[in-house]
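From the two separate chains plus the hints, produce the assembled complex.
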Amino acid sequence: MAECISLMSASSFNQADIISTVEFNYSGELLATGDKGGRVVIFQREQESKNRPHSRGEYNVYSTFQSHEPEFDYLKSLEIEEKINKIRWLPQQNAAHSLLSTNDKTIKLWKISQRDKRAEGYNLKDEDGRLRDPFRITSLRVPVLLPMDRMVEASPRRIFANAHTYHINSISVNSDHETYLSADDLRVNLWHLEITDRSFNIVDIKPANMEELTEVITAAECHPHQCNVFVYSSSKGTIRLCDMRAAALCDRQSKFFEEPEDPSSRSFFSEIISSISDVKFSHSGRYMMTRDYLSVKVWDLNMENRPVETYQVHEYLRSKLCSLYENDCIFDKFECCWNGADSAIMTGSYNNFFRMFDRNTRRDITLEASRENSKPRAILKARKVSTGGKRKKDEISVDSLDFNKKILHTAWHPKENVIAVAATNNLYIFQDKIN
Amino acid sequence: MRYSYQRRTCAIPRAKMFPKGTKRKFSDSREEPVAGGEDVNQSSLAAVRMLSSYSLQRQSLLDMSLIKLQLCHMLVEPNLCRSVLIANTVRQIQEEMTQDGTWQIMTQALSAANAAAQCSADRLVATEVLCRQTEAAQGEQVPKPFPVVGSEGCPAKEVLEEEAAAAEVGMTMSTVSPQAPTSYLPGTFGMDPCWEEEETGEDDDDEEEEEDSEECGSGSEGEERERDSLVEDTRTAEQVFGTFEIKNPAPSPDPALEELFSDVDASYYDLDTVLTGMQSVPKMGPYDLLESLSSHGPSPLSSSTSCRSDLNELDHIMEIIVGS
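One line per chain: the protein sequences are A and B, in this order. Following the working numbering, the numbering of the first sequence begins with 583 at its first residue and continues without gaps. Following the working numbering, the numbering of the second sequence begins with 438 at its first residue and continues without gaps.
Read the hints as simulated data drawn from the structure, not as lab findings. Computed from a predicted structure; not experimentally measured. For every residue, glycine included, the Cβ atom is placed at its ideal position computed from N, Cα and C. There may be inaccurate statements among the hints.
As the list claims (entries may be wrong) - Ranges between beta-carbon positions, derived for each pair:
hint, chain 1, residue 1, chain 2, residue 2, range
1, A, Ser979, B, Ser481, 33 to 39 angstroms
2, A, Ser659, B, Ile757, 39 to 45 angstroms
3, A, Glu886, B, Arg486, 41 to 47 angstroms
4, A, Glu897, B, Arg486, 39 to 45 angstroms
5, A, Phe654, B, Ile757, 45 to 51 angstroms
6, B, Ser481, A, Glu843, 28 to 34 angstroms
Pulled out of the complex, with its shape left as it was, chain B reads as follows (with noise of 0.2 angstroms):
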């Protein structure tokens, strides 16, 4: 049971942070833009490079603090202390955000971003975790206390059920070196993370498709790739303190497939009933139905290549048990 996942080394540029010496200061680099300038001067352009190195610095900072919470040695339990001081920190940086209006925007994006990725094919599988990061972080302005899930039993794992998040999610972030802003907050758009889902142990069926249904169609490719690194989410945290407790939950169906199938006659299957021949009024079976998603026409259900394929391999198993 041990917890593995992807990891890409995230590099993050020494030279980028922090300079020597540079003692970071909370009222450091606050300066408010200069409002309506015609022309951009040189003290608001040195401001904005100010404010704008403070925002990358603590995006690194949020970045390295959410790295490090991944990055349990999962051979020993990990240290409690730590891990709460990191939280903390995490919590700081995110209580900063939301007050300079950095959080909002972030989180606007993001559901933007994600509305297009929902449907996209190749990011099924990362969207949807999104998705469940999105919605709580729009729900919430104040940011939730970080969960430090301890080292101890069932109280946890009730934490964890509770909040219908999947625990074994890993996630890691590539920090692409950041682009000129373009806006008042650099650290937005700089950074393109790159997620790798371990598991969807305990996937929310009914989240996905009511975001499916609302937001698809909106919002263009290209804002995909614009994604902020979501680790401010308090989501991503649950998630990252999940960790903590080892769960291998039994890999669940591809969530396309169980829709399609929720109101089949289980009976079907039944050899007994194969055998003794067909009905005379056929119920609307599952070889019906996969019928009505054969390759000729387009799927009115899911777009997602991997399902059809699933599909194509059910029919096949169907035609046998069938015998036609």
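Just chain A, with the same shape it has in the complex (with noise of 0.2 angstroms):
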């Protein structure tokens, strides 16, 4: 059962408010968000304490900052879009936090880091700052630590620019915590976290002859645990594995993923909607979940001819293809997400509908995130879709369904059962009632 804890919304709404990524961090505490107007907006986990005891880990606004501004490209005379495409937490390594964001062309990492506490008593300033005259100092006091309003301040440490000729639409960090990969449409660069003019390029794809270009790069991440290894996945449904030992251009797959076509359901809009919107590796490292337009697969990473298994998340959109394709509807990007056991799934749909999926018992869920069902401690009732012709009630009708409302992004806390899905311009978190 799960309950709404959290609703973070803009009090008017306009474009650039649109949610556009969301991640949780290694340890649950912070949650991050990027929007289209290039801002990330960080939540901070409440700690559960004895004063506020229906708190219960609440996530409220940590820090807000403008991570990428709108640019134009003058050779070509367009504009790059500062809208935040992904959002990756860096592993913890002292007090401040770290996270790189990206657009369409430059990937930048951001350190946040907090004070909550001043330093008081100099013994060379007084407390407005100005300096003490020398001679009037007759004894030495040391300067106390006294606690202050909590400031967090977020600054960009490295800008990974000019690396991109296409549009980025993925950035994973490797396990190594000291590289990590950024992916266009044709191609693939690993980049040293510490180094910003220089990235290898390890995947190619484009063709001699643009004409000739059939099939792009849709996602990529690395390994969780095999800092050698990653994946990439197409527009024509297929997964790449690829071992960065193996050559220094990794263009020749060590394990390539492809399930066959079902050839009495193909029509014209079977490669659009085997295109491959996202890729997730378990936690286990063992496994790794594709989403593309109707379903989610589960792939056993020794198998490659098919996946073992696949979970069908709108199914009922299958007759209503060409509408979705007039309206664009059906190049939609969706993500997908496991939860910390690797257990369970989740992924969005329309009408502001989302789906889990549980790996052990089968049993799947559709949950709504709307401002009616989502008060706080208000407890989320399933839905359902009615496909036949017999509408029951509380079952909404495939025609009702609002395609704009879509939940594309949304994130599954690494520990506990904790989720947060976007809504456009909203964030709703959920968590499992305990009792």
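And the structure:
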């Protein structure tokens, strides 16, 4: 049973507030969101305390900063959107937190640090900061640290620019915590976190003649444990696993994952709906999950010819593909995520619905992220879309689904059953009701 | 350097597209019409209807796809993944149409229609584009891969220049209500495209001249209307993809005029030459040519009215220069 613990939304809705990425950090204490206006908002979980027993781990705003600004490419006379495509946290190495955020062209490393203490009792300057006259100092004192209002500041520490001709769709931090990869439509680059003026190109699928281009890279991710392994997915529904030890340019994959097409369901839209919009390794590193338009598939890394599990997200849309092609919804890129134990997966759908699948029990549930259902501590009710002719009470018919309300970005706390769901410009946070 | 073009709203009637719940299967409604049936019985009528419905649907999908490719938001770079997927869909339709013979019939009809259009003044500009396309289509039975020209600089530009196609041509189609199918390929003759050319940047003069001499005079005006959307043509898509590369070529002079003055001695325009007096044996200068093209007699070269008005202007200017 899921209950809503927080709902964050901008007071007035404009395009810039549309959330474009959501990501928990390694401990789950922090939750970062990026939006279309280039801003990053970080939420921090309240410590449960005896003073406020009902707060129960609410997430409140911790820091807000402008990560990317709109740019103009003078060479091509085109604007470069400031929309944040992805945020990935770096493992915490000291008191500060670091994350990578990227738009279409530039990746930035931000350090977020907080100060909640200040020193008082300096010898050489007084409280206003003015220098004290040295002749007046008659005794020495040790400055003391006093609490102050918490101040959080974010500063850009590295800017990784000019390495991508095409639009960046993924970034992924490597398990060595020193390197990370970035992928655009045709290339994957490997960076060192300390070096901004150079990157290694490890995958290049750009054909010599652009007329022959029929496939693009849609997502890429590093293996969670093996720092030499990464995968990238394509618009043709294939996933390639590459080993960086094999060659400098990983154009030839070590493994090639593709499910053979079902000839009976072939249509002109088959290729489009097979295009993979997201790929995620399981925390264990044994499986990976891919999201295409209508389904989520779980693959065993040791079996390339078909997935081990397939979950239908919204099969009732299969008969509507032409309309969805016309209004461009068929190109929506849904993400997917694992829970901490790899026992459940979650992905979004339309009408502000999102779906969760339990891999063990094979049960699935559809929930809705909406204001009416999401007052704090309100329990979410399971939703159902009626596919047949008869519509039962409380069911929603396919034709009354709102295709403008799409949930593309979801995130699952790495340890607990807390999920974050982005519905256009609203961020919903739900958790499992324990008692 | 904004890419802009005339846009006609393309209203693909929803009701005609895909009835609710219909699964578009590749093998759907591919029944062959009954050959040599004396009377048109119910089953063959139904087969024809289903086949034409499928062809109509396929045609609609093709038109829609090409519109999508053109209507890129040129403020920001278009989404390459989306473009590639749409292009692959178009290619798929094209391949299927090639396999069932629709493609060849369509291109043949188009070449005939183009021939008629050649001599029509107000279609001059548009058909020049079409002619290039038909040539390309006729040359290949197998559809070429669609070029999805990316957002890069030089390499893509090279590709465009190789093709020698006007990369700035913007085309729109309007789907008039499809007429009743007279053949088993209703999609062919149902649409009435409307071409509006943006700029004829890299016109190929030789090509136009060649086709002018070959095909002018054949065909009828009526066929012009029945031209099917050339959207399936690879050239169209290449030009469409060319929009990814923003190009703004200098406007070229009227090709007919260029031809006219190709052998003219430029020194004749030189004021010095003029002021030192007429030469004893005047060469065939621009003024002579202009005279021969005067509005008294029929123009031997071009029927373009716009061409003629330019010539009159030049006539006037030449009079001033030569001083007669």
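Hints, one by one, checked against the model:
For Ser979/A and Ser481/B, the Cβ-Cβ distance of about 38 angstroms falls inside the hinted range of 33 to 39 angstroms, so the restraint holds. Ser659/A and Ile757/B have their C-beta atoms about 41 angstroms apart, which keeps the hinted 39 to 45 angstroms range intact. Checking the proposed 41 to 47 angstroms range against Glu886/A and Arg486/B shows it holds: the Cβ atoms sit about 45 angstroms from each other. About 30 angstroms separates the C-beta atoms of Glu897/A and Arg486/B, a value inconsistent with the hinted range of 39 to 45 angstroms.
Hint check: Phe654/A to Ile757/B, Cβ distance near 47 angstroms, so the stated range 45 to 51 angstroms holds. Between Ser481/B and Glu843/A, the C-beta spacing of about 33 angstroms keeps the proposed range 28 to 34 angstroms intact.
The earlier numbered hint that this structure contradicts is number 4, and it is the only one.
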